[in-house]
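Novice: Sequence:
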Amino acid sequence: MKIKNASAGVLTNFEVLDLLRSRGASKDPTRVMASLAPSEFKVFDYLVETAACNQSRENISEVLEKCKTYDLAKAEIVNIINIRPTSAVEIDPMIEQSETRLGEKLEDLAELVTQVLPAPPNQSNPEDGAEEDNSTEADDQANGHSGEGEQMEDKSAEANDQVSGNSTGGEQMDVS
999 MKIKNASAGV LTNFEVLDLL RSRGASKDPT RVMASLAPSE FKVFDYLVET
1049 AACNQSRENI SEVLEKCKTY DLAKAEIVNI INIRPTSAVE IDPMIEQSET
1099 RLGEKLEDLA ELVTQVLPAP PNQSNPEDGA EEDNSTEADD QANGHSGEGE
1149 QMEDKSAEAN DQVSGNSTGG EQMDVS
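Under the numbering used here, the letters of the sequence shown match residues 999 to 1174, in that order.
Check before you lean on any hint, since a few could be wrong.
[Claimed, not checked] Here are the simulated distance ranges between beta carbons:
hint, residue 1, residue 2, range
1, L1009, Q1113, 15 to 25 angstroms
2, Q1095, E1056, 23 to 33 angstroms
3, V1008, K1103, 37 to 47 angstroms
These are computed hints drawn from the structure, not numbers from a lab. Since the model is a prediction, treat every value here as computed from it, not as a measurement. Cβ coordinates follow ideal geometry from the N, Cα and C atoms, glycine included.
Model the full assembly from the supplied sequences, consistent with the hints where possible.
Specialist: Dropping the structure here:
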């Protein structure tokens, strides 16, 4: 492979992942068939867990086309494609002066991203997570536990006792 222009532009995570796949990267545990460096395998392992693994050239082209109406910089669009924000709160830090440049269009941009770009593989359904959290809290309350707060307070108190020289059982020392 010959490099035609070393600084042609910024690549999206999808383009890097596509390049690594074309060079033989895969989830094969032996990895003896591919001629990739160990660092390239680490990049591949990271990218297959991000939104880039479900994206396609068509998705990216559509986002690029639709983002023209928002007058975004190339770097801002690349960040949006790579990170795939799902709300205005996530998009806000990616766009310089987003409130003055986009205003109410920020929500529209978030909706566009969620409609056009596929979700990352590790993103769970929020409704499923809410049910699991509620059942765990209900189980803790039924067993007489108040949850994480109680455990955190106990650990914090133990740590403070250890630092100050007090033990959790027995007599306390007079430090004065």
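Novice: Can you let me know if the beta-carbon spacing of L1009 and Q1113 is within 15 to 25 angstroms?
Specialist: holds, 24 angstroms
Novice: Look at the Cβ atoms of V1008 and K1103 and judge whether their distance stays inside 37 to 47 angstroms.
Specialist: 24 angstroms Cβ-Cβ, so the 37 to 47 angstroms window is violated.
Novice: Using the Cβ atoms, figure out if Q1095 sits within 23 to 33 angstroms of E1056.
Specialist: Holds: the Cβ-Cβ distance is about 31 angstroms, inside 23 to 33 angstroms.
Comparing the model with each numbered hint stated earlier shows that hint 3 is the single one that does not hold.
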